[in-house]
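Residue numbers (our numbering), protein chains in the order written: chain A, 1 to 424; chain B, 1 to 223.
Because the hints were derived from the structure by calculation, they are not lab data.
A few of these clues could be false.
SDA-like mimics (lysine to any residue), calculated; alpha carbons at most 25 Å apart, straight line [what the hints assert, rightly or not]: (1) B:K84 - A:Y66; (2) A:K63 - B:V41; (3) A:K359 - A:E419; (4) B:K84 - A:Y200; (5) B:K57 - A:G113; (6) A:K134 - A:L97; (7) A:K62 - A:D51; (8) B:K55 - A:Y287; (9) A:K159 - B:N192; (10) A:K222 - B:N192; (11) A:K62 - B:N192; (12) A:K325 - B:L135; (13) A:K67 - B:D130; (14) B:K84 - A:K134; (15) A:K62 - B:V61; (16) A:K380 - A:L332; (17) B:K134 - A:Y200; (18) A:K284 - B:A203; (19) A:K63 - B:I142; (20) A:K284 - B:A201; (21) A:K186 - B:K84; (22) A:K325 - B:V41; (23) A:K22 - A:E122; (24) A:K284 - B:D58; (25) A:K325 - B:N192; (26) A:K182 - B:K84; (27) A:K386 - A:R334; (28) A:K63 - B:L135; (29) B:K84 - A:E324.
From a predicted model like this one, the values you see are computed outputs, not experimental measurements.
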Amino acid sequence: MKNNILKSPDGMRSYLPDLAFKFKEIEQRIFDVFKLWGYQPVITPTLEYFDSLTVGMGSRLKKELYKFIDYEGNILALRPEMTAPIARTLAGRLDDLTFPQRLSYSASVFRHGQPQSGKNREIYQVGIELIGEKNALADAEAIIIAIESLINAGVKRFKIDIGHAGFLDGIINQLNLNNREKNKLKAFLVQRDLVGLRNYINNLNPDTNRVLDQLPLLRGDKDVLNLAGELVDNRKSITAIENLKQIYSYLSDYGVEEYINFDLSLIRGLDYYTGVVFEGFTEKLGYTICGGGRYDNLIGQYSGVDLPAIGFAIGVERVRLALEKQGYCFPLCRVDAVIVFNAETSKLALKTARNLREKGLVIISLERKEVDRKLLSFGKSKGASKVISFCPPPEEDKLEIYDLTSNSRETISIKDWEERLWQR
Amino acid sequence: MAEIITALPKGRLLNQVITILKDAEFISPELDIDEISRQLVFTDELTGNCFILAKPKDVPVYVEHGAADIGITGKDVILEHGKKLYELLDLRVGNCKLVVAVPEEMGIREIKEIPEHSRVATSYPSITRDFFHKLGIQVEIIYLNGSVELAPLVDLADLIVDITSTGTTLRKNKLIPIAEVISSSSRLIVNNVSYKTKYEAIAELSARIKESRRNKNEKALLS
Numbered sequence: 001m002k003n004n005i006l007k008s009p010d011g012m013r014s015y016l017p018d019l020a021f022k023f024k025e026i027e028q029r030i031f032d033v034f035k036l037w038g039y040q041p042v043i044t045p046t047l048e049y050f051d052s053l054t055v056g057m058g059s060r061l062k063k064e065l066y067k068f069i070d071y072e073g074n075i076l077a078l079r080p081e082m083t084a085p086i087a088r089t090l091a092g093r094l095d096d097l098t099f100p101q102r103l104s105y106s107a108s109v110f111r112h113g114q115p116q117s118g119k120n121r122e123i124y125q126v127g128i129e130l131i132g133e134k135n136a137l138a139d140a141e142a143i144i145i146a147i148e149s150l151i152n153a154g155v156k157r158f159k160i161d162i163g164h165a166g167f168l169d170g171i172i173n174q175l176n177l178n179n180r181e182k183n184k185l186k187a188f189l190v191q192r193d194l195v196g197l198r199n200y201i202n203n204l205n206p207d208t209n210r211v212l213d214q215l216p217l218l219r220g221d222k223d224v225l226n227l228a229g230e231l232v233d234n235r236k237s238i239t240a241i242e243n244l245k246q247i248y249s250y251l252s253d254y255g256v257e258e259y260i261n262f263d264l265s266l267i268r269g270l271d272y273y274t275g276v277v278f279e280g281f282t283e284k285l286g287y288t289i290c291g292g293g294r295y296d297n298l299i300g301q302y303s304g305v306d307l308p309a310i311g312f313a314i315g316v317e318r319v320r321l322a323l324e325k326q327g328y329c330f331p332l333c334r335v336d337a338v339i340v341f342n343a344e345t346s347k348l349a350l351k352t353a354r355n356l357r358e359k360g361l362v363i364i365s366l367e368r369k370e371v372d373r374k375l376l377s378f379g380k381s382k383g384a385s386k387v388i389s390f391c392p393p394p395e396e397d398k399l400e401i402y403d404l405t406s407n408s409r410e411t412i413s414i415k416d417w418e419e420r421l422w423q424r
Numbered sequence: 001m002a003e004i005i006t007a008l009p010k011g012r013l014l015n016q017v018i019t020i021l022k023d024a025e026f027i028s029p030e031l032d033i034d035e036i037s038r039q040l041v042f043t044d045e046l047t048g049n050c051f052i053l054a055k056p057k058d059v060p061v062y063v064e065h066g067a068a069d070i071g072i073t074g075k076d077v078i079l080e081h082g083k084k085l086y087e088l089l090d091l092r093v094g095n096c097k098l099v100v101a102v103p104e105e106m107g108i109r110e111i112k113e114i115p116e117h118s119r120v121a122t123s124y125p126s127i128t129r130d131f132f133h134k135l136g137i138q139v140e141i142i143y144l145n146g147s148v149e150l151a152p153l154v155d156l157a158d159l160i161v162d163i164t165s166t167g168t169t170l171r172k173n174k175l176i177p178i179a180e181v182i183s184s185s186s187r188l189i190v191n192n193v194s195y196k197t198k199y200e201a202i203a204e205l206s207a208r209i210k211e212s213r214r215n216k217n218e219k220a221l222l223s
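Just chain A, with the same shape it has in the complex (with noise of 0.2 Å):
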């Protein structure tokens, strides 16, 4: 055990203010989106009951959740993400809330996928949830802000991809195939084992696989969409690509099309979607920054009554990644002034500085018995352009001021001092 005091467990970790300070600013910027929409922020608990997070989910992530067990013998899980704590916690409040809800977290979840990919297993997110609304203004509402979000966190030359559940699923519906043969191709589609999807497909009747075999093409610009309407005859596929188009109009309306690419291929890894899916991400960073789409199903499997429901999620280290690789300069975390004080003069120091942070000045106050070089690079070390010294006193209400930036000093009068203040 004592080897451990010192360390993290695998794939979690502290973040000193160097990179802290970006997270918290990145998750702010963001925020200040969710609020112009008018989300308002939602928390739900850290851990849950193993039942109620695995609702509508996958084995495979299943199997990624950090699990205990608590007291009394039940079996608890970490939120592995966020809607379904959200769906969980809406659906046992159905009588009181009205909707549409539109909620908002910033929240970290946890999973420990493949020990040997080396990625964080704590994951800071930050999205949100529009609930009990469900038509094409509400899909393209989420896509705007994942968009704007990631323009205002400061993330350029960034797409979203856009793709719909429905499409894929009246495709492979229309194949006349069993559960088995269904569950089978889905697996090689959630895998994106191409080789293996077409291997299966031509095994199976030659005539329905045309359309799969096109699927790796149904990516670019909107024409895609009437491509995509020419080669499926389903109701499902046709109704999804009518929806694509309807959530079209509306972004490129907001006037927001040059972020947008469509893909019909396009599956995201959890099982609940039943609608129009997308993901962000820019060239260079190898993950995608973002994810979300709809799901109408969900809410009902924990309530017994469907309620629509949309939302997406951005990670916040993968937007500070990308961010990084595009050299994006953040702005330092300002110190205004550090002040050095004695004993003999902390009634007047302690004033000033009060004063000086009623003006929205940061300040740092030291308790020394003089102002030595030490102190001086302290000063640097934090970005200060001044120090102001009450030590020693060197007459009655005068103090010295040390410009960092400049190296010089001057002594003034506390009087002059506080009327140059007044100028700023």
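With chain A held as given, fit chain B onto it using these hints.
For chain B alone, coordinates are given in the frame of chain A:
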């Protein structure tokens, strides 16, 4: 055309893979394979493509994390890695099988006869665990990095799950294959995001490989 970074598998497959990529005009024909294989990273001046030489087992890692856009490695490795990447094309080289093999004197000829709690040596612990799990046979897995056929000889394991292409190594060590776990060949794999951002270049490469393979096969049939 977007610049593509490719992770190539070092070792016995490299020559075949480079030949395929040369035929597809992805690597220029003048490049000397012996010289390439001594490097870790090289850029093909003519085509502008960049290559990373990695252990076959590491190729999916480079690709999954986006250090390489695409990679070439065996299906066995991809399965063991637990992929979160696209598998685009079967190159049909490096064909081999992952088999369960038992020592001759064990007298077992069928997978069902394997006693519970047998010790299985393998470099593919995850595939092996899944395989026996599905059959409902409980085994103890001993992970080895290579020379797996040695394990039964020194009583480290009762049987092995290992790659075989011709069966020679197994025979030499008096091991009999009793079941096929998977059959494998080299695959072209693609990073999830590169699949989106560099789709056209990658699709073109995939089409050219397919075509050059087809031409070669036709020639082989005619000669």
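Verification of the supplied hints:
1. B:K84 - A:Y66: holds (20 Å)
2. A:K63 - B:V41: violated (37 Å)
3. A:K359 - A:E419: Distance ~13 Å between A:K359 and A:E419 Cα, so the pair holds.
4. B:K84 - A:Y200: Measuring from Cα to Cα gives roughly 20 Å; hence the hint holds.
5. B:K57 - A:G113: holds (18 Å)
6. A:K134 - A:L97: holds (17 Å)
7. A:K62 - A:D51: Holds. A:K62 to A:D51 sits at ~10 Å (cutoff 25 Å).
8. B:K55 - A:Y287: holds (22 Å)
9. A:K159 - B:N192: holds (14 Å)
10. A:K222 - B:N192: holds (21 Å)
11. A:K62 - B:N192: Roughly 22 Å separates the two Cα atoms, so the pair holds.
12. A:K325 - B:L135: With a Cα-Cα distance of about 47 Å, the restraint between A:K325 and B:L135 is violated, given a limit of 25 Å.
13. A:K67 - B:D130: holds (21 Å)
14. B:K84 - A:K134: violated (31 Å)
15. A:K62 - B:V61: holds (23 Å)
16. A:K380 - A:L332: At roughly 13 Å apart (the allowed maximum being 25 Å), A:L332 and A:K380 satisfy the hint.
17. B:K134 - A:Y200: holds (21 Å)
18. A:K284 - B:A203: holds (19 Å)
19. A:K63 - B:I142: holds (22 Å)
20. A:K284 - B:A201: This hinted pair holds, its Cα atoms lying about 15 Å apart.
21. A:K186 - B:K84: Holds, at about 15 Å.
22. A:K325 - B:V41: holds (21 Å)
23. A:K22 - A:E122: Given pair A:K22, A:E122 holds - Cα atoms ~17 Å apart, limit 25 Å.
24. A:K284 - B:D58: OK: A:K284 and B:D58 at ~20 Å, within 25 Å.
25. A:K325 - B:N192: holds (17 Å)
26. A:K182 - B:K84: With a Cα-Cα distance of about 21 Å, the restraint between A:K182 and B:K84 holds, given a limit of 25 Å.
27. A:K386 - A:R334: Within the cut-off at roughly 12 Å; holds.
28. A:K63 - B:L135: Between A:K63 and B:L135 the Cα gap is close to 20 Å, so the pair holds against 25 Å.
29. B:K84 - A:E324: holds (23 Å)
Consistency with the previously given hints fails for numbers 2, 12, 14, ordered from lowest to highest.
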